[in-house]
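Enquirer: Here are the chains, one letter per residue:
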Amino acid sequence: MSDRAIEITGLVKIFEDDARGTVRAVDGVDLDVDRGEIVGLLGVNGAGKTTTLRILATVLEPTSGTARILGHDIRKEPGEVRRLIGYYSSTTALYPRLTAGETLEFFARINGYPSSGVRRRVEEVVGALDMGGFVDTRVEKLSQGMKQKVSIGRTVVHDPAVLIFDEPTSGLDVLNAHEMLGMISGFRKTGHAVIYSTHIMAEAERLCDRIAIIHSGRILACGTPPDLRERTGAASLEDAFVSLVAPGREASW
Amino acid sequence: MRPRTIGVMVGREMRCALREKSIVVNSLLIPLLLYPFLLWGAFTVISIVDSRTQGISFALALPPGLLADGRLRTLLPKWDISMDSAGTAGPALLSGSVDAAVELRGDTDGFLGRPPVTVTYDASRERGRLASGRARQALTDERREWLPHILSARGISGRDWAVYSIRMVNVAGGRRMGAFMLGLIIPVAFMVMTSVGCFYPAIDSFAGERERQTWETTLSTSASRLEILASKFLYVSAFGLASGLLNMGMMLASVSAVLGPAIRSAGENASFAIPAASIPFLGLGAILISMFLATGMIFFGALARTYREGQAMITPFYMATVVPVVFLQSPGLDYTTTLAAIPVVNVAMMIRAALSAPPALLPVLLTVVVTVAFTVAGLAASSRLMGMEESLTGRPDGARLSVFRLLRKASRRVPHV
Numbered sequence: 003m004s005d006r007a008i009e010i011t012g013l014v015k016i017f018e019d020d021a022r023g024t025v026r027a028v029d030g031v032d033l034d035v036d037r038g039e040i041v042g043l044l045g046v047n048g049a050g051k052t053t054t055l056r057i058l059a060t061v062l063e064p065t066s067g068t069a070r071i072l073g074h075d076i077r078k079e080p081g082e083v084r085r086l087i088g089y090y091s092s093t094t095a096l097y098p099r100l101t102a103g104e105t106l107e108f109f110a111r112i113n114g115y116p117s118s119g120v121r122r123r124v125e126e127v128v129g130a131l132d133m134g135g136f137v138d139t140r141v142e143k144l145s146q147g148m149k150q151k152v153s154i155g156r157t158v159v160h161d162p163a164v165l166i167f168d169e170p171t172s173g174l175d176v177l178n179a180h181e182m183l184g185m186i187s188g189f190r191k192t193g194h195a196v197i198y199s200t201h202i203m204a205e206a207e208r209l210c211d212r213i214a215i216i217h218s219g220r221i222l223a224c225g226t227p228p229d230l231r232e233r234t235g236a237a238s239l240e241d242a243f244v245s246l247v248a249p250g251r252e253a254s255w
Numbered sequence: 044m045r046p047r048t049i050g051v052m053v054g055r056e057m058r059c060a061l062r063e064k065s066i067v068v069n070s071l072l073i074p075l076l077l078y079p080f081l082l083w084g085a086f087t088v089i090s091i092v093d094s095r096t097q098g099i100s101f102a103l104a105l106p107p108g109l110l111a112d113g114r115l116r117t118l119l120p121k122w123d124i125s126m127d128s129a130g131t132a133g134p135a136l137l138s139g140s141v142d143a144a145v146e147l148r149g150d151t152d153g154f155l156g157r158p159p160v161t162v163t164y165d166a167s168r169e170r171g172r173l174a175s176g177r178a179r180q181a182l183t184d185e186r187r188e189w190l191p192h193i194l195s196a197r198g199i200s201g202r203d204w205a206v207y208s209i210r211m212v213n214v215a216g217g218r219r220m221g222a223f224m225l226g227l228i229i230p231v232a233f234m235v236m237t238s239v240g241c242f243y244p245a246i247d248s249f250a251g252e253r254e255r256q257t258w259e260t261t262l263s264t265s266a267s268r269l270e271i272l273a274s275k276f277l278y279v280s281a282f283g284l285a286s287g288l289l290n291m292g293m294m295l296a297s298v299s300a301v302l303g304p305a306i307r308s309a310g311e312n313a314s315f316a317i318p319a320a321s322i323p324f325l326g327l328g329a330i331l332i333s334m335f336l337a338t339g340m341i342f343f344g345a346l347a348r349t350y351r352e353g354q355a356m357i358t359p360f361y362m363a364t365v366v367p368v369v370f371l372q373s374p375g376l377d378y379t380t381t382l383a384a385i386p387v388v389n390v391a392m393m394i395r396a397a398l399s400a401p402p403a404l405l406p407v408l409l410t411v412v413v414t415v416a417f418t419v420a421g422l423a424a425s426s427r428l429m430g431m432e433e434s435l436t437g438r439p440d441g442a443r444l445s446v447f448r449l450l451r452k453a454s455r456r457v458p459h460v
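Sequence order for the protein chains is A and B.
According to our numbering, the stretch in the first sequence is residues 3 to 255, in order.
According to our numbering, the stretch in the second sequence is residues 44 to 460, in order.
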């Protein structure tokens, strides 16, 4: 069986904007992610990270190009693709009126987890994420940290092989962000393919096996953090990023 | 479409809705309690006002001439009127010591050249209005008794001068009368309550999701757009149906319990029992109108980003469907095939007809076909809207999305499901 979990080929997304005219939010992205690998999409705001991930999650349709998730084309089999992925974004909130347990159960069932095993699977996830203390509490009454665990739980409860995280630490405090990164890092060991977007260099450097630097909808470079530093001759990932994204504006301090 | 997926989605929607106060209150409790409370309240107020005014005595200023033959004198106590023979009633009326004055004016512009009897009162005082009414009644009674009295004194019997008497006979049985009365109330109330039942869930299922940022969460599940739409349609129409049926049940119960005895005590015959053969038609009407209203509200509310925007987008549709039903109470209007071709009106008329007897099958069939056709067309249009990226991302300039602008755009492509 091939290790390739995500294959993105020539992905283009064009928006028609009344004010700005035609906007190429994603402009020919090619990228692969293997099982057991965490790949980061690193870019400034508006670089095309979220649009790329939304296309992978089949929430948006590409203008041209495509992607395959475990061999399933996102354009031809969007339903199957959604069953195989777990999609987490700062814009995908939880249903506030469900309890933590009901949330996990709903996502397991809606994403096609076998009915007979749903209860057991929910218990597994509750145990793994240490959610026992608030499993029967409504989401609207949970703290930010608890909600974050429920969000991770609902992303993985149907046991998807591919996980998509769009700026998962956005809006979190240092401790919660730290815990979140720890949880994402754990998915490498369980053989999940993870694609992850951020604009925070330190996070990307610490977490990702490979980093794709995206700017104006294009992948400017992709490699391990040492590769990127070496390729640009920069001392840090931040300098490497700046030299790729805005040549001539490297730090002078 | 996978029924299991739709079932899971509907279950989630229902569970969330039943935990939302505004939905439970507006879609379930108000339909259940509003009409019994309104009816009970109205009768209580009427009874209180009636008992208050029955026990009040009014002071009346009367000229001595009117009381000369004693007939009016004997009639006044029957109307709780006490006499005050003050000569100048004006100041007494304004000061409130006299409630109304009966005067024989000196001019001769009255009936057959006789001076008119003038009842003067202060209409800005409730006592003045009531006293004037009673004075008029007392004078009318006096006149009614005067004619037989005079004729009898001249040796003419009532048999000779009355020629004929008038007797009113109502051929409508109690059930028919009850159906007529219910027909005036139930279709309008039913439409309003079914609309109210759909209204908040429809806003909640789109604008609510966007406001809570759960819309993208829902779209990223393995459910297709069509399955999401189907589940939302079932959720909204289920609430509309529940609301309409609860309301209709409570209306029938409260009308029977409160209005029935009051009507019977007034000597009228009215039964509010629904013929058993009509019940399936009432149920069918409830299902059809819930489907139609849910579809329309989903269509107009599908692009709303906030509750407020949702209310603004759905309210015109709500008004457009409810207001015409108010004008369907005209007695000459029957449930014909022509009316059966007009959405909403057809269901209201079917319900009105079914309250007295099972309606004819041809208009019923036409009603079903028309409503289902509109529902399918509305859902297809909503599915197009949901397939549009703007429904997720909004317009780049942040302006409100236009249903019709997006539909024009949507008509040029097949949505991504």
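For the record, the hints were derived by calculation from the structure and aren't laboratory data.
Incorrect hints may appear among the rest.
As the list claims (entries may be wrong) - With a cut-off of at most 20 Å between alpha-carbon atoms, the simulated EDC-like pairs for lysine to aspartate or glutamate come out as follows: (1) LYS64(B) x GLU142(A); (2) LYS191(A) x GLU207(A); (3) LYS191(A) x GLU240(A); (4) LYS149(A) x GLU352(B); (5) LYS149(A) x GLU181(A); (6) LYS143(A) x ASP161(A); (7) LYS64(B) x GLU254(B); (8) LYS191(A) x ASP175(A); (9) LYS143(A) x GLU63(B); (10) LYS143(A) x GLU185(B); (11) LYS149(A) x GLU125(A); (12) LYS149(A) x GLU259(B); (13) LYS78(A) x ASP132(A); (14) LYS191(A) x ASP32(A); (15) LYS191(A) x ASP132(A).
Enquirer: Can you confirm whether the C-alpha distance between LYS149(A) and GLU259(B) stays at or below 20 Å?
Expert: Cα-Cα ~17 Å, so holds.
Enquirer: With a cut-off of 20 Å on the C-alpha distance, tell me whether LYS143(A) and GLU63(B) pass.
Expert: Status holds; Cα separation ~14 Å.
Enquirer: Is the straight-line distance between the alpha-carbon of LYS64(B) and that of GLU254(B) 20 Å or less?
Expert: With a Cα-Cα distance of about 17 Å, the restraint between LYS64(B) and GLU254(B) holds, given a limit of 20 Å.
Enquirer: Would you check the hint for LYS78(A) and ASP132(A), treating anything up to 20 Å between C-alpha atoms as holding?
Expert: violated (38 Å)
Enquirer: Does LYS149(A) pair with GLU125(A) here, judged by a C-alpha cut-off of 20 Å?
Expert: Roughly 17 Å between the alpha carbons, so the hint for LYS149(A) and GLU125(A) holds.
Enquirer: For the pair supplied as a hint, LYS191(A) and GLU240(A), is the alpha-carbon distance within the 20 Å limit?
Expert: violated (27 Å)
Enquirer: For the pair supplied as a hint, LYS149(A) and GLU352(B), confirm whether the alpha-carbon distance does not exceed 20 Å.
Expert: violated (28 Å)
Enquirer: Quickly compare the C-alpha distance for LYS191(A) and ASP32(A) to 20 Å and report which way the hint goes.
Expert: With Cα atoms ~25 Å apart, LYS191(A) and ASP32(A) exceed 20 Å; violated.
Enquirer: Run the distance test for LYS149(A) versus GLU181(A): straight-line Cα separation, threshold 20 Å.
Expert: holds (12 Å)
Enquirer: Does LYS191(A) pair with GLU207(A) here, judged by a C-alpha cut-off of 20 Å?
Expert: This hinted pair holds, its Cα atoms lying about 18 Å apart.
Enquirer: Check whether the Cα positions of LYS143(A) and GLU185(B) lie no farther apart than 20 Å.
Expert: Violated - the C-alpha atoms of GLU185(B) and LYS143(A) are around 77 Å apart, more than 20 Å.
Enquirer: Between the alpha carbons of LYS191(A) and ASP132(A), is the straight-line distance 20 Å or under?
Expert: holds (19 Å)
Comparing the model with each numbered hint stated earlier shows that hints 3, 4, 6, 8, 10, 13 and 14 do not hold.
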